[in-house]
Amino acid sequence: MRSTSVKVVVTAFALASLAACGTSSSDDDGGGTGAGSKADISAPLDPKTKVSLTIDCMPPKAKAAERRQWNEDVKAFNKKYPNVTIDGKSTAGQCEEPARFTAALKAKSQPDVFYTYFTDLQQVLDNNCAEDITPYVTKKTVPALDSIDPNVLAALKKDSKLYGLPTSNYTMGLLINRKLFKQAGLDPDKPPTTWAEVRTAAKKIAGLGNGISGYGEYSAENTGGWHFTATMYGLGGDVVTPDGKKAAFNDATGKQVAKQLHDMRWKDNSMGKTQLLKWGDLQKQIASDKLGMFLAAPDDVTYMVQQLGADYANFGMGPIPGGKATLFGGNDYMIKKGSSPDKIKAAIAWLNFKTLTPAKGQFDWPRTKEDKLPVGLPQPNFFTGTVKTDDLQSRTDNATMPVRNFEPFMANPVRGKAEPPKAQEVYKVLDNVMSGVLTNKNADVDKLLSSAEQQVNQVLANQ
Amino acid sequence: MSAPTLPAKPRQSAPPARKHQLTPRDGSLTRTVKRHLSAHGFLIGAVLCFSFFSWYPMVREFLLAFQKTKDGRTTWAGWSNLTYVFNDPAFWQAWRNTLLFTALALLLGFAVPFLIAVLLNEFRHGQGYLRMLVYLPVMLPPVASVLLFKYFYDPGYGLFNRILGVFGIPEQQWLQSTDTAMLSVVIAATWMNMGGATLIYLASLQGVPGELYEAAELDGAGLWRKIWHVTIPQTRLILSLMFLMQIIATMQVFTEPFLLTNGAGPEGSTTTVVYLIYQYAFNFNNYGGAAALGLVLLVLLAAFSAVYVRLSRASDD
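Line order of the protein sequences matches chains A and B. FYI, in the working numbering the residues of the first sequence are 1485 to 1947. FYI, in the working numbering the residues of the second sequence are 195 to 511.
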């Protein structure tokens, strides 16, 4: 008897192993049932339609207030669409970690509604992972559609087809530590606007001693190349030619970018000894009053306050030095390829409710203030016209931080410019230029740029 | 009080060898299947899991090396992935770095544990304690060890520069200079991994007959002559095996440079071949390139492994 039981258990285990190894966790049943299935795809979802959706980026339990807001929004959404089941998926760290995201795309295991960066579009399309939602996104399904900045929507299109809906966007500027500015005798209400001014201010801040750096830069994990690109844009340069086929940074502007960083690091000694920094490192330095300035997007401040315990009042922002153009990017949601029309409609209805309705969802600033979350940062800012004006007014009225600290950034908007094609590969190559000038006193700028140019040309030739 | 004497147990004879029972000689097929049900159950589970998680990915990797995916379409790409990989300037840099790591790791990671084992072998007392001390770093999680070294190496406030400062030596850039980055990675890797190698060498040294050393001493041999004429010849096979295993392991180095220098290091000076594979796959979404480079590495390591297997057989004999 006992031996039979053991055999049964072992056989069951083997079958369970078979099942565990062989079945996919994805359960894409094709979506919904109900009246909506055969309706016009440009029409909103029929509330009687039964659909279940898995959605990325639900705030984790550790973010209690954001999680509560998510649950409230699901409840409110279900009043209109009682048959739509929202199954949120949360991750402890960033909503999208490139390595995990890449693997998920290859395995087609991403949720029905998945979170991406603007720069991911080509990768998603290469893996045949997103639905073309062009016919579904109309004035009826997304009433604020005409108020969304066309540049933002353009980042989510390929060959005039729309593949995503934005949740946030950013443009880069110069983030400053107001306390260090004051200590160094600088005016924190007037952040530097040219690189000459940045260099002077950085020297003064580094002069405070005690391990304080005036200016900080990344040079690892592709973030060095990302900032090199942003600095180039600020000076009116570019990293690739307009047709996207050749490198364009090995010119006078590229040399200026590399040379000025080299001089700040080695001649002025205003950039600190520890280099090869990546995203998160500079935020820690500035949050602990060890760094005066670095290029950043406003949402870095949220990270510094919520994760690192910094104080909103200690930070301010000015436009990107040079002010010719600034790098823009952002985040969005896409819908898994193979989803049924009802599923797509339900996803769009949810995204419209949560992220694209002025004064609701993520733009419900009175609620955000009540929950003691940040209100008053200049971004996300992807609406235009009166919607934008009303939204900014509501932010100011409910601000939980000194909005005027960001006035120099807001009052001097710089034209946003999209990231280059093959952005991550180009950035990786340009990391070498950044790490070269920041770690090697005798760096040969011309050689670094020409070697990087050769590599980027090869990357672009293989598109 | 003496312990009570227990009656001696009758010595059990060895169980008779089981007859080969895989064929239904003594019963029906059903009975045989029933008899081996649990064994097959275990076997099926293991085989399936290996199939899905080890063998299938290997076959898939091989196929991917000759495929390209663009706009959702996967097509056969012939040798183009390999051509791409060979034409990538980072490819040669990664190989140079990997070979440099291997050479340095052999110099340090091979010699240092052997010398420590020889010294430990000389101690008559407290050997267990010393062995534990040497093995301790292996028990630390690699990430913790690496972070420890990252702090030691920091040019601003790191321990190593503080120590150098005491002797009036100017501070070094350690991980942040193309001249020292790889060496710094090797030092950290050697410290993290030498415990295991030391114990293997020590076990081998303890198998060397003591009379050989006594004879050498009678002939007037000092420590170095004893090592050269007795220790090394007697442990030659283990040394050869460890040498090859070290080559195979170091050519796949990933964790240490990935954690210490974010993979690339200054001007890409610590980018290794395996990191480049990771980068192709997960940063550049170039699975074909990653698989092709994996294949190149596989061929090279297979050659080393063949030598290793040959040597293992010789050692068994």
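Some hints here could point you the wrong way.
What the hints assert, rightly or not - In silico DSSO-like cross-links for lysine-lysine, where the CA-CA straight-line distance does not exceed 27 angstroms:
1. B/K262 with A/K1925
2. A/K1687 with A/K1563
3. A/K1844 with B/K344
4. A/K1642 with B/K344
Unchecked claim - Away from chain B, derived, C-beta distances all over 12 angstroms, residues of chain A:
5. N1562
6. K1590
7. T1684
8. L1761
9. E1854
10. D1881
The set of hints was computed from the structure by calculation and includes no laboratory data. Backbone N, C-alpha and C fix where the C-beta goes; we use that ideal spot for every residue, glycine too.
Right, here's what the structure says about each hint:
| no. | hint | in the structure |
| --- | --- | --- |
| 1 | B/K262 with A/K1925 | violated (42 angstroms) |
| 2 | A/K1687 with A/K1563 | violated (58 angstroms) |
| 3 | A/K1844 with B/K344 | violated (46 angstroms) |
| 4 | A/K1642 with B/K344 | violated (43 angstroms) |
| 5 | N1562 | holds (34 angstroms) |
| 6 | K1590 | violated (7 angstroms) |
| 7 | T1684 | holds (23 angstroms) |
| 8 | L1761 | violated (9 angstroms) |
| 9 | E1854 | holds (40 angstroms) |
| 10 | D1881 | holds (43 angstroms) |
Hints 1, 2, 3, 4, 6, 8, counting from the list given before, are not met by this structure.
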